[in-house]
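**Q** Given next are the chains, with one letter for each unit.
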Amino acid sequence: AQSVTQLGSHVSVSEGALVLLRCNYSSSVPPYLFWYVQYPNQGLQLLLKYTTGATLVKGINGFEAEFKKSETSFHLTKPSAHMSDAAEYFCAVSVESSASKIIFGSGTRLSIRP
Amino acid sequence: DTEVTQTPKHLVMGMTNKKSLKCEQHMGHRAMYWYKQKAKKPPELMFVYSYEKLSINESVPSRFSPECPNSSLLNLHLHALQPEDSALYLCASSQVENLEGQGAGGELFFGEGSRLTVL
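First to last, the sequence lines map onto chains A and B.
Under the working numbering, the letters of the first sequence match residues 1 to 114, in that order.
Under the working numbering, the letters of the second sequence match residues 1001 to 1119, in that order.
So here's chain B without its partners, still in its complex pose:
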C-alpha cells in the first residue's frame, strides 16, 4: 500500500468547473510535489513545496493553483482547464536534507495518481 494517498482517483470536469485534487502523507516528509504525466511520457515537475512554502513553480499556468495547508497535505486547485490538461497527476513527498530546503537527494514517494479528464 502506498503511503501517499491521492483523491480522487478519477475526475472528469468541464472547462468551466472548479475542482481540487488532494494528497496526504504521514511519513513526516517536509517536501511535497505535484507532477503531471501524459500517456507514455515521463512525469513533468509542476510544483515543489518545502516546509509548506512554494519553492519551485515550473512556469505552470495559473489555472493550476497549489496549496499546502500543513506538512501532511497538498492540494491542487483546478479552474478553467483545457482538454490538453487531461493527464495523470501524481503527488510525491520526500525528506528534506537541510533547513534551506535543498537537496532531497533521495527517494520520492509517489501516490497512485489522480487521472483527470477535461471535457
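Okay, chain A solo, but in the shape it has when bound:
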C-alpha cells in the first residue's frame, strides 16, 4: 500500500534561512506525490506536485521539491524562509489504482524565528 512518512513533526528556522522539510514515500507503483500547506483555521492548498517527467518540481511561494526514486524521497525546500511561511505542511501520495484516493502524511509544523 502507498504511504508517506514525514520526518520531524516540528521544524524551526530563522527568517532568511533554508527550509528543508523531509518526506519519504512507499509505493509499489510510480506514485503521484504532493506537498500541501495549511495555514491556521484554513483548508489545505497545493504547493506543488510530481506526476511524471522532470524530477525537480517548482511550486508556489518559492518552494520546490525533488523526486528521488533511489531514495524514495520527495523533500520540500525553500532557499530563504519568510515569516509568512509559518504553517503546517503535508506530504501526500495518490493511490492511482483507486479512484482519487490521496493519503496525507502526519504533517510538519514550520515555525519561523525573527
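No lab work stands behind these hints: they were computed from the structure.
Do not rely on the hints blindly, as some may be mistaken.
Below, computed lysine-lysine pairings styled on DSSO-like, alpha-carbon distance capped at 30 angstroms [said to hold, decoys possible]:
| # | chain 1 | residue 1 | chain 2 | residue 2 |
| --- | --- | --- | --- | --- |
| 1 | A | LYS58 | B | LYS1041 |
| 2 | A | LYS69 | B | LYS1053 |
| 3 | B | LYS1041 | A | LYS101 |
| 4 | B | LYS1041 | A | LYS69 |
| 5 | A | LYS101 | B | LYS1053 |
| 6 | B | LYS1041 | A | LYS49 |
| 7 | A | LYS49 | B | LYS1009 |
| 8 | A | LYS101 | B | LYS1022 |
| 9 | B | LYS1019 | A | LYS101 |
| 10 | B | LYS1041 | A | LYS68 |
| 11 | A | LYS49 | B | LYS1053 |
| 12 | A | LYS49 | B | LYS1022 |
| 13 | B | LYS1038 | B | LYS1022 |
| 14 | B | LYS1040 | A | LYS68 |
| 15 | A | LYS58 | B | LYS1040 |
| 16 | A | LYS101 | B | LYS1038 |
| 17 | B | LYS1018 | B | LYS1041 |
| 18 | A | LYS101 | B | LYS1018 |
Covered stretches of chain A (in silico footprint by chain B; criterion: 3 or more residues with CB under 8 angstroms from a CB of chain B, positions within the stretch not fixed) [to be verified]:
| # | segment |
| --- | --- |
| 19 | 40–53 |
| 20 | 102–108 |
Because the structure is a prediction, the values reported are computed rather than measured.
Virtual Cβ for every residue (Gly too), placed ideally from N, Cα, C.
For chain A, the structure is supplied; the task is to place chain B on it using the hints.
**A** Chain B in isolation, oriented as in the chain A frame:
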C-alpha cells in the same frame, strides 16, 4: 478566496441532533471528497464521490451519511454523533482523469472547513 465553499463554518450539536454540512464548487470538478481532521493531525479521507456516485467509503460509521445531489453540491448528514466526532470537516474537489473515475492524479481544492463540536 477559496473556490470551494463550506457551510456552516462552525456547528455545535448535541448527540441526539440531526444536522448537515454543505459544500459547493463551481469549477466543473466531477470528484468531491469529505475529509475529517482532528487537531494537530492530517486529514483522514472519509468519502469520495466521482460523477455523483459514491466511489470510496473509508469504513465510516453510518451516523455520517454523505449525499451528492448534483455535480456542484456535496452534503454530509450527521445524526447521533459522539463527542469524539468533534473535528474540522474538510470538503475538497478535483478533476477526474478518466470516465472510470480513476486517478485524479492532481490537485485537490479544499474548502476552509466546518468546525464541528459535539456536546
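**Q** Does each hint hold? Answer for all of them.
**A** Now for the hints, and whether the structure bears them out:
A hinted pair counts as satisfied when its Cα atoms are at most 30 angstroms apart, and LYS58 (chain A) with LYS1041 (chain B) qualifies at roughly 26 angstroms. Distance hint between LYS69 (chain A) and LYS1053 (chain B) is unfulfilled; the C-alpha atoms sit about 35 angstroms from each other, more than 30 angstroms. For the hint linking LYS1041 (chain B) to LYS101 (chain A), the alpha-carbon distance of about 18 angstroms falls within 30 angstroms, and the restraint holds. Using a Cα cut-off of 30 angstroms, the hinted pair LYS1041 (chain B) and LYS69 (chain A) holds, with the two alpha carbons roughly 27 angstroms apart.
Distance check on the hinted pair: LYS101 (chain A) and LYS1053 (chain B) sit about 15 angstroms apart at the alpha-carbon level, within 30 angstroms; holds. With a CA separation close to 21 angstroms, the supplied pair LYS1041 (chain B) and LYS49 (chain A) stays within the 30 angstroms bound. About 28 angstroms separates the Cα atoms of LYS49 (chain A) and LYS1009 (chain B), which keeps this hinted pair within 30 angstroms; it holds. A threshold of 30 angstroms between alpha carbons decides the hint, and for LYS101 (chain A) with LYS1022 (chain B) the separation of about 21 angstroms falls inside it, so the pair holds.
A hinted pair counts as satisfied when its Cα atoms are at most 30 angstroms apart, and LYS1019 (chain B) with LYS101 (chain A) qualifies at roughly 27 angstroms. Of the supplied pair hints, the one linking LYS1041 (chain B) and LYS68 (chain A) holds, its CA atoms being roughly 26 angstroms apart against a limit of 30 angstroms. Pair hint LYS49 (chain A) plus LYS1053 (chain B) holds up; C-alpha atoms about 27 angstroms apart against a cutoff of 30 angstroms. Simply put, LYS49 (chain A) and LYS1022 (chain B) have alpha-carbon atoms about 28 angstroms apart, close enough for the 30 angstroms limit, and the pair holds.
The hinted pair formed by LYS1038 (chain B) and LYS1022 (chain B) meets the criterion: a straight-line CA distance of about 19 angstroms does not exceed 30 angstroms. For a cut-off of 30 angstroms, the pair hint linking LYS1040 (chain B) to LYS68 (chain A) stands: about 28 angstroms separates their Cα positions. Taking the CA atoms of LYS58 (chain A) and LYS1040 (chain B), the gap is about 27 angstroms. The hint holds against a cut of 30 angstroms. Our distance criterion of 30 angstroms between C-alpha atoms is met by LYS101 (chain A) and LYS1038 (chain B), whose separation comes to about 19 angstroms.
For the hint linking LYS1018 (chain B) to LYS1041 (chain B), the alpha-carbon distance of about 26 angstroms falls within 30 angstroms, and the restraint holds. Using a Cα cut-off of 30 angstroms, the hinted pair LYS101 (chain A) and LYS1018 (chain B) holds, with the two alpha carbons roughly 28 angstroms apart. Here's how the segment 40–53 of chain A fares: 8 of its residues keep a CB closer than 8 angstroms to some CB of chain B, so the rule of at least three is met and the hint holds. Coverage of a stretch by a chain is defined here by at least three residues with a beta carbon nearer than 8 angstroms to that chain's beta carbons; for the segment 102–108 of chain A and chain B the count is 6, and the condition holds.
Taken one by one, the earlier hints fail for this structure only at number 2.
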